[in-house]
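*Asks:* Residue numbers (the numbering used here), protein chains in the order written: chain A, 258 to 424; chain B, 5 to 424.
These are computed hints drawn from the structure, not numbers from a lab.
Among the clues, some could well be false.
[Said to hold, decoys possible] Straight-line C-alpha distance at most 30 Å; calculated DSS-like pairs for lysine-lysine:
{"hint": "1", "chain 1": "A", "residue 1": "K292", "chain 2": "B", "residue 2": "K160"}
{"hint": "2", "chain 1": "A", "residue 1": "K404", "chain 2": "A", "residue 2": "K421"}
{"hint": "3", "chain 1": "A", "residue 1": "K404", "chain 2": "A", "residue 2": "K263"}
{"hint": "4", "chain 1": "A", "residue 1": "K305", "chain 2": "A", "residue 2": "K266"}
{"hint": "5", "chain 1": "B", "residue 1": "K78", "chain 2": "A", "residue 2": "K259"}
{"hint": "6", "chain 1": "B", "residue 1": "K377", "chain 2": "A", "residue 2": "K305"}
{"hint": "7", "chain 1": "A", "residue 1": "K292", "chain 2": "B", "residue 2": "K377"}
{"hint": "8", "chain 1": "B", "residue 1": "K160", "chain 2": "A", "residue 2": "K420"}
Next come the chains, spelled out residue by residue.
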Amino acid sequence: MKLYGKTWKFGNDVDTDAIIPARYLSTSDPAELAKHCMEDADPSFPQKVQPGDIIVAGKNFGCGSSREHAPIAIKAAGVGAVIAASFARIFYRNAINIGLPIFESPEAAEAIQEGDVVQLDPATGTVHNVSRGETYQATPFPEFMRKLMEAGGLMAYVAERVKKGGA
Amino acid sequence: MGMTITEKILADHAGLDGVEPGQLINARVDVVLGNDITAPLAFKEFEQLGLDRVFDRDKIVLVPDHFTPNKDIKSAEQARALKEYARRYQITNYFEVGRMGIEHCLLPEKGLVLPGDVVIGADSHTCTYGALGAFATGVGSTDMAAAMATGEVWFKVPETIKLVYHGKLPRWVSGKDLILHTIGLIGVDGARYMAMEFTGEAIDNLSMDGRFTMANMAIEAGGKNGIIAPDETTLQYVRERAGREYKVYQSDPDARYARVIEIDVSKLEPVVSFPHLPENTRFVSQAGHVDIHQVVIGSCTNGRMEDLRVAAEILKGKKVHPDVRAIIIPGTQAIYMQAIKEGLVEIFVEAGAAVSTPTCGPCLGGHMGILAKGERAVATTNRNFVGRMGHPESEVYLASPAVAAATAIAGRIAGPGEVL
Numbered sequence: 258m259k260l261y262g263k264t265w266k267f268g269n270d271v272d273t274d275a276i277i278p279a280r281y282l283s284t285s286d287p288a289e290l291a292k293h294c295m296e297d298a299d300p301s302f303p304q305k306v307q308p309g310d311i312i313v314a315g316k317n318f319g320c321g322s323s324r325e326h327a328p329i330a331i332k333a334a335g336v337g338a339v340i341a342a343s344f345a346r347i348f349y350r351n352a353i354n355i356g357l358p359i360f361e362s363p364e365a366a367e368a369i370q371e372g373d374v375v376q377l378d379p380a381t382g383t384v385h386n387v388s389r390g391e392t393y394q395a396t397p398f399p400e401f402m403r404k405l406m407e408a409g410g411l412m413a414y415v416a417e418r419v420k421k422g423g424a
Numbered sequence: 005m006g007m008t009i010t011e012k013i014l015a016d017h018a019g020l021d022g023v024e025p026g027q028l029i030n031a032r033v034d035v036v037l038g039n040d041i042t043a044p045l046a047f048k049e050f051e052q053l054g055l056d057r058v059f060d061r062d063k064i065v066l067v068p069d070h071f072t073p074n075k076d077i078k079s080a081e082q083a084r085a086l087k088e089y090a091r092r093y094q095i096t097n098y099f100e101v102g103r104m105g106i107e108h109c110l111l112p113e114k115g116l117v118l119p120g121d122v123v124i125g126a127d128s129h130t131c132t133y134g135a136l137g138a139f140a141t142g143v144g145s146t147d148m149a150a151a152m153a154t155g156e157v158w159f160k161v162p163e164t165i166k167l168v169y170h171g172k173l174p175r176w177v178s179g180k181d182l183i184l185h186t187i188g189l190i191g192v193d194g195a196r197y198m199a200m201e202f203t204g205e206a207i208d209n210l211s212m213d214g215r216f217t218m219a220n221m222a223i224e225a226g227g228k229n230g231i232i233a234p235d236e237t238t239l240q241y242v243r244e245r246a247g248r249e250y251k252v253y254q255s256d257p258d259a260r261y262a263r264v265i266e267i268d269v270s271k272l273e274p275v276v277s278f279p280h281l282p283e284n285t286r287f288v289s290q291a292g293h294v295d296i297h298q299v300v301i302g303s304c305t306n307g308r309m310e311d312l313r314v315a316a317e318i319l320k321g322k323k324v325h326p327d328v329r330a331i332i333i334p335g336t337q338a339i340y341m342q343a344i345k346e347g348l349v350e351i352f353v354e355a356g357a358a359v360s361t362p363t364c365g366p367c368l369g370g371h372m373g374i375l376a377k378g379e380r381a382v383a384t385t386n387r388n389f390v391g392r393m394g395h396p397e398s399e400v401y402l403a404s405p406a407v408a409a410a411t412a413i414a415g416r417i418a419g420p421g422e423v424l
């Protein structure tokens, strides 16, 4: 399934405290977390983000805390995917585990301007910039991670194993 | 071809003779850790599997430390949920307020993490245990849930950066200064996805407390894990605590490294990380005049005995500056008790500092010392991101306990030499 949306740009090293400040971590309710998504990076973001919008950021997106509340907040805010020049490792794992599509592409992160409309293909890692008529290629996922994503995230994958008696 | 200590631990836990960087493996875990923020979410996921028990109730550790003692009703609900899960699944190692500690101070102290272990924790500073020669790394709640069900976790074997610290540490330069200086050198993503192996004369001479501080902040350079091969210092610490077998690993002389960085520590001074990234380091002598409103000494980075002793040495007979709130947080109940016995708590209270029960509290802007708009803190914690300790327009400066204590007295960023 392809993703299609308008982009919002952020800088380098966007940390998980900026994505979801710890002062809101007294709940894990996705709808509550979504109300404060990216608040310390851009206070107006929770109001202006529309379902299907795409976040575009620089290097090391999601650095800092291991809080899964960060990708959950982004997903629950309706964001369709995150494109970044690179991802911090725990955020990368968490995004795959909960089924938030991510695209690692320094080229796309640099070329896309805020407001550009992009079309993304998670299966191939292709990022098509509709506004500019350009196409960028994201780093492909290893086969194991593709399997995880195809299963619907880590818990669905584990559930299959449990059912087979492999746990 | 030889292997690094990280590769050897991962290979053994994956049941393989050898592994290479980039290889995807399934590894057996020795310890799975969660706290009051991350573990309730993990158990919620776990329960969807319909299992009636966890893989091993002795290998899961639950510590309510982030928003405890409960800061408000919502936090109280989360802490209660954690406790109920602990009881439902008969988790052996659950630590209630009054018997607990900040998780990464507590687990080594209790002998729950040991050399050669593979440890995952739903907390990014789980990398602390690398100081014991374990492979330890932070994960999210879903990874924790999966590991509680299966006892396994998938990893991509990381490349390793070897850091060699030559020479002897000058007075007042600590493990905290070494790691801040290192992050300043390589940047907050300088070790992204990689293992950081800390070696050299300065590490050999570093105490366990100083080593925990260094491994703790590997994540602040983007590292997957920080690790220090066990030596006599490690084994002495572990022998009096271990309740089970453990295995000591060392890197082979011909192990492969992605990068080797050599640092002469004899030329270092105490380091301060300026807002809003840990990589924005300066020597304290280059800090300039920065007025400070709050000082926090504690956290999983610097809440151990050695940290409190250094702070007390500087604060003894002195007064906290009239414009400063100084908050000192011993990392565990045992550290708190020892600080009382050694007279450190008396020194702190007489100096005009507040001494708190163990909690992560202020480090992540939870409670026990939140900053107002425009306020600045020097903290011995690990992150100085925007809004980390409170208002998005407040500022956090990271430093060692020595610099924090000196700053508390001076009312501005200061090195120990300026107040003694």
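*Asks:* Decide if the proposed pair is consistent with the structure: K305(A) and K266(A), CA atoms, cutoff 30 Å inclusive.
*Replies:* holds, 13 Å
*Asks:* Verify the proposed pairing of K404(A) with K263(A), using a straight-line Cα cut of 30 Å.
*Replies:* holds, 28 Å
*Asks:* Hey, K377(B) versus K305(A), does the alpha-carbon distance stay inside 30 Å?
*Replies:* holds, 25 Å
*Asks:* With the threshold set at 30 Å, check whether the alpha-carbon distance from K78(B) to K259(A) stays at or below it.
*Replies:* violated, 38 Å
*Asks:* Holds or violated: are the alpha carbons of K404(A) and K421(A) at most 30 Å from each other?
*Replies:* With a Cα-Cα distance of about 17 Å, the restraint between K404(A) and K421(A) holds, given a limit of 30 Å.
*Asks:* Take the C-alpha atoms of K160(B) and K420(A), compute the straight-line distance between them, and say whether it is at most 30 Å.
*Replies:* Holds - the C-alpha atoms of K420(A) and K160(B) are around 25 Å apart, at most 30 Å.
*Asks:* Hinted pair, alpha-carbon criterion (30 Å max): K292(A), K377(B). Please report holds or violated.
*Replies:* holds, 22 Å
*Asks:* Run the distance test for K292(A) versus K160(B): straight-line Cα separation, threshold 30 Å.
*Replies:* violated, 34 Å
In the structure shown, a violation is registered for the earlier hints numbered 1 and 5, in ascending order.
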